[in-house]
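*Asks:* Generate coordinates for the entire structure from the input sequences, incorporating the hints supplied.
Chains as they are written, first to last, in the working numbering: chain A, 1 to 185; chain B, 186 to 708.
Please keep in mind that the hints were generated in silico from the structure rather than gathered at the bench. Even glycine gets a Cβ: it sits at the ideal position worked out from N, Cα and C. A portion of the hints provided could be inaccurate.
[Claimed, not checked] In silico DMTMM-like pairs for lysine to aspartate or glutamate, Cα to Cα no more than 25 Å straight-line:
1. Lys591(B) with Asp88(A)
2. Lys189(B) with Asp437(B)
3. Lys161(A) with Asp554(B)
4. Lys131(A) with Asp425(B)
5. Lys666(B) with Asp425(B)
6. Lys628(B) with Asp67(A)
7. Lys446(B) with Asp234(B)
8. Lys189(B) with Glu423(B)
9. Lys171(A) with Asp234(B)
[Said to hold, decoys possible] Simulated restraints on C-beta separations:
10. Gln116(A) with His632(B): 34 to 42 Å
11. Asp499(B) with Asp67(A): 16 to 24 Å
12. Ala47(A) with Asp499(B): 56 to 64 Å
13. Pro160(A) with Asp234(B): 25 to 33 Å
14. Leu185(A) with His632(B): 21 to 29 Å
15. Lys131(A) with Glu697(B): 56 to 64 Å
16. Lys354(B) with Lys131(A): 39 to 47 Å
17. Ser90(A) with Leu315(B): 56 to 64 Å
18. Leu185(A) with Gly336(B): 25 to 33 Å
19. Ala47(A) with Pro372(B): 54 to 62 Å
20. Lys79(A) with Pro438(B): 47 to 55 Å
[Unchecked claim] Covered, in the sense of this in silico footprint (three residues per stretch, anywhere, with C-beta under 8 Å from a C-beta of chain A), are these stretches of chain B:
21. 533-544
22. 549-562
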Amino acid sequence: MKVFNWTRRFSRRGFLARGAATVAAVAATSGKVLADAQDARTVGPGALKPEQARTLVVFTRDLFPHDQLDDSFYQRAVKPLEDEAAQDGSTKQILALGVAWLDAKAVSVAGRPYAQVGEESKRVAVVTRLKQDPSAPRAFFDKVYSTTIVSLYNQPELWPKFGYEGPSSAKGGYLSRGFNDLNWL
Amino acid sequence: MPAKFDRNDSSVVVIIGSGAGGGTLANELTQKGISSVVLEAGKRIEITDFQNDEDAMFALFTWLDPRTASGSWYVAQTSPDLPAWISKLVGGTTVHWGACALRFQEHEFKTGTRYGAISGANLLDWPLGLKDMEPYYDRAELKMGVTGTHGIPRLPVSNHGKVLFAGAKKMGYTQFLTTNMAINSVPRDGRASCQQTGFCIQGCTFGAKWSTLYTEIPRAEATGKTEIRSESQVLHIEQDQSGKVTGVVYADPTGAIERQKARIVCVAGNAIETPRLLLNSSSNVFPQGLANSSGQVGRNYMKHMTSTVFAVFDKPVHMYRGTAQSGIVMDEARLDTQRGFVGGYQMELLPQGLPSFAQNIVPNAWGRDRAWIVDNYVNVAGVWLIGEDLARETNRVTLHPDRKDKYGLPIPDIHVDDHPNDLAMQKHAIGQADALYKSIGAKRTVHRLPFPSTHNMGTCRMSENPRDGVVNRWGQSHDVKNLFVSDGSQFTSSGGENPTLTIVALAIRQAEYIAEQMSHAAI
Chain A
1 MKVFNWTRRF
11 SRRGFLARGA
21 ATVAAVAATS
31 GKVLADAQDA
41 RTVGPGALKP
51 EQARTLVVFT
61 RDLFPHDQLD
71 DSFYQRAVKP
81 LEDEAAQDGS
91 TKQILALGVA
101 WLDAKAVSVA
111 GRPYAQVGEE
121 SKRVAVVTRL
131 KQDPSAPRAF
141 FDKVYSTTIV
151 SLYNQPELWP
161 KFGYEGPSSA
171 KGGYLSRGFN
181 DLNWL
Chain B
186 MPAKFDRNDS
196 SVVVIIGSGA
206 GGGTLANELT
216 QKGISSVVLE
226 AGKRIEITDF
236 QNDEDAMFAL
246 FTWLDPRTAS
256 GSWYVAQTSP
266 DLPAWISKLV
276 GGTTVHWGAC
286 ALRFQEHEFK
296 TGTRYGAISG
306 ANLLDWPLGL
316 KDMEPYYDRA
326 ELKMGVTGTH
336 GIPRLPVSNH
346 GKVLFAGAKK
356 MGYTQFLTTN
366 MAINSVPRDG
376 RASCQQTGFC
386 IQGCTFGAKW
396 STLYTEIPRA
406 EATGKTEIRS
416 ESQVLHIEQD
426 QSGKVTGVVY
436 ADPTGAIERQ
446 KARIVCVAGN
456 AIETPRLLLN
466 SSSNVFPQGL
476 ANSSGQVGRN
486 YMKHMTSTVF
496 AVFDKPVHMY
506 RGTAQSGIVM
516 DEARLDTQRG
526 FVGGYQMELL
536 PQGLPSFAQN
546 IVPNAWGRDR
556 AWIVDNYVNV
566 AGVWLIGEDL
576 ARETNRVTLH
586 PDRKDKYGLP
596 IPDIHVDDHP
606 NDLAMQKHAI
616 GQADALYKSI
626 GAKRTVHRLP
636 FPSTHNMGTC
646 RMSENPRDGV
656 VNRWGQSHDV
666 KNLFVSDGSQ
676 FTSSGGENPT
686 LTIVALAIRQ
696 AEYIAEQMSH
706 AAI
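*Replies:* Right, dumping it as structure tokens:
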């Protein structure tokens, strides 16, 4: 699935500069988070840990929260990130550091890692800080946002849930399938 | 069958680009017996390659070579590496265009005198007027099969159009109808009629929409006098010591550097690549860039005032069904400075499929509010506001000081600072569109500020006086008699109308001039 998002922006250099400070801040908060942060510093591609992938799923749902979509849509949306991390160490590091940051902030706000915070409003508060805090790993937000906004909404199985009928040429277009059937005006 | 010309054949006209300007020019010349080689940077695909898939088609034929944007305009913030949404393939942006085929209004050719002195703008009259253009507009409309002209029936009104027109009526507007469209409403010219697929922008799978890809270009080839070389990017235009152009240097599909000699060179690479190529073709005769003694090459870049207003209703609209842009309100296109700005704007349908709507509706936003808008997709209608953008010398295409493309040439930077007139018009247009939709019960409207620019104009503008512009009333360089500009770069003003019909009309007109000049060896 290839891609278009006019608003994509991505600054790896900015991420690396902020990353070191983030790791130090995160390390101060909790043992689990410390382990995540240490893991994040490990260079090299590879599979994300299941709990990291789970956090990405919850985070993606918080970015694009559609109650009518079950988790499988968000799992498929996150898949390109997992695939990229498996191939590219820098992507893996961005994701691992970001997850560690989310977890650290969630621990301080709600006493537990991000994906285990039940109240949406508390997770939203963490994401708000991720967008606003100058020391937050902004590249993580950008990476997940710009990837999943494409990979979520490009799933044809999702379209009917939003009333979108998708490709029409093979069915002869909409000429005799309702292009002018509106009658409520 | 397609011709095959020797690279040392210096009798040919070389045309750079195969879109509305270049593709039309090639066919018009060739029908007069003039041989041409068309060098097109993009690849050649066919109608059968088109899919009803927004992202796949975007990836397949958008011009994605590196570019940068600078200045205060919204696009520089939201889309800094893709300031323009245009196409790179045989047929150019006529594969992608929405097919609104509108004539400019008389006063739009005369903005220098009609609008008066406006601070911070670089207005100038075109060295021609509507009267000069009318016969060529006629021929362009007949060539393209424009609905609503010359007895060609209009397209039917879609759901999306019904919503727009109901609001227009409530607003007291009177000029609303299905637009003059270069899309067959009935089978015509060997092409099918519109099947209301809704995927005009992704390439018309039925070929109902006019595109040079499957009209002008195969016709030119059928004469045996035109050769299309695709995946052939021109890097440099060559000149002799007298300043005449002698040919072009280009990269062939393998990346090998080739040279094609030419009697005449016509540049139609869209208003970003055209000035870039001239600027990249400096010489000791033209140290500031080819044909740039005026210093105006790359300046006066215009992209139209645009914005989109989406409205959420409580009942279904299904805006994606049907001809994408076939619906217009023209009441605001007039010149009426009482509104606080010069120039006018059109209100045109512009639906989006679910993926692109969801991806682009509110840039960089996240969370429940954004998701609510997407949840209501089926109940959404949207109108695109497109109006005149004023020429400014400082809005310009320049060569990037550091960044190079894969051939080692500087990439273009597109710098725009919005003129206050542009912002005043934008505010008015958004306000009117809001009121229009709310008058018929919209629950909420969402304002989407400009997308990357598909209308790009003005960077090699026409002028009476060589000091003020780059080309004359025929698109011929003031400096170099056998060099022509054949695309929207020629526009002296942007008008409030989609540019393609005017580009095609100018190409027909230019072909006549070139043939006439060649016939008595003036060039």
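*Asks:* Now tell me, hint by hint, if it's right for this structure.
*Replies:* Status of each hint after checking the structure:
A hinted pair counts as satisfied when its Cα atoms are at most 25 Å apart, and lysine 591(B) with aspartate 88(A) qualifies at roughly 24 Å. Restraint check for lysine 189(B) and aspartate 437(B): the C-alpha separation of about 15 Å stays at or below 25 Å, so the hint holds. Between lysine 161(A) and aspartate 554(B), the direct Cα distance comes to roughly 18 Å. Compliance with the 25 Å bound is thereby established for this hinted pair. As the CA atoms of lysine 131(A) and aspartate 425(B) are separated by approximately 57 Å, the hinted pair breaks the 25 Å bound.
Proximity of lysine 666(B) to aspartate 425(B) is assessed by CA-CA distance (about 13 Å); at most 25 Å being required, the pair is judged to hold. About 21 Å separates the Cα atoms of lysine 628(B) and aspartate 67(A), which keeps this hinted pair within 25 Å; it holds. With a CA separation close to 33 Å, the supplied pair lysine 446(B) and aspartate 234(B) exceeds the 25 Å bound. At roughly 21 Å between alpha-carbon atoms, lysine 189(B) and glutamate 423(B) fall within 25 Å of each other, so this suggested pair holds.
Proposed proximity of lysine 171(A) and aspartate 234(B) is supported: the alpha carbons are some 17 Å apart, at most 25 Å. At about 38 Å, the beta-carbon gap between glutamine 116(A) and histidine 632(B) stays in the expected band of 34 to 42 Å. With their beta carbons about 19 Å apart, aspartate 499(B) and aspartate 67(A) fall inside the hinted range of 16 to 24 Å. The given range of 56 to 64 Å is broken by alanine 47(A) and aspartate 499(B), whose C-beta atoms sit roughly 46 Å from each other.
Between proline 160(A) and aspartate 234(B) the C-beta distance comes to about 26 Å, which sits within the given range of 25 to 33 Å. One distance hint, 21 to 29 Å for the beta-carbon pair leucine 185(A) and histidine 632(B), holds here, with the actual separation near 23 Å. Distance hint check: the CB atoms of lysine 131(A) and glutamate 697(B) are about 58 Å apart, consistent with the given range 56 to 64 Å. In this structure the hint that lysine 354(B) and lysine 131(A) lie 39 to 47 Å apart at CB holds, the actual value being about 43 Å.
One distance hint, 56 to 64 Å for the beta-carbon pair serine 90(A) and leucine 315(B), holds here, with the actual separation near 57 Å. Distance hint check for leucine 185(A) and glycine 336(B): the Cβ-Cβ separation is about 30 Å, which falls inside the suggested range of 25 to 33 Å. Remark: the range hint 54 to 62 Å for alanine 47(A) to proline 372(B) is upheld by a beta-carbon distance near 56 Å. Here the CB-CB span from lysine 79(A) to proline 438(B) is close to 34 Å, at odds with the stated 47 to 55 Å.
Under the rule that three or more residues need a Cβ within less than 8 Å of chain A, the assignment of the segment 533-544 of chain B holds, with 6 such residues. Three residues within the 8 Å Cβ limit are the bar, and the segment 549-562 of chain B against chain A gives 9, so the coverage statement holds.
Violated hints, in rising order: 4, 7, 12, 20; the structure is consistent with all others.
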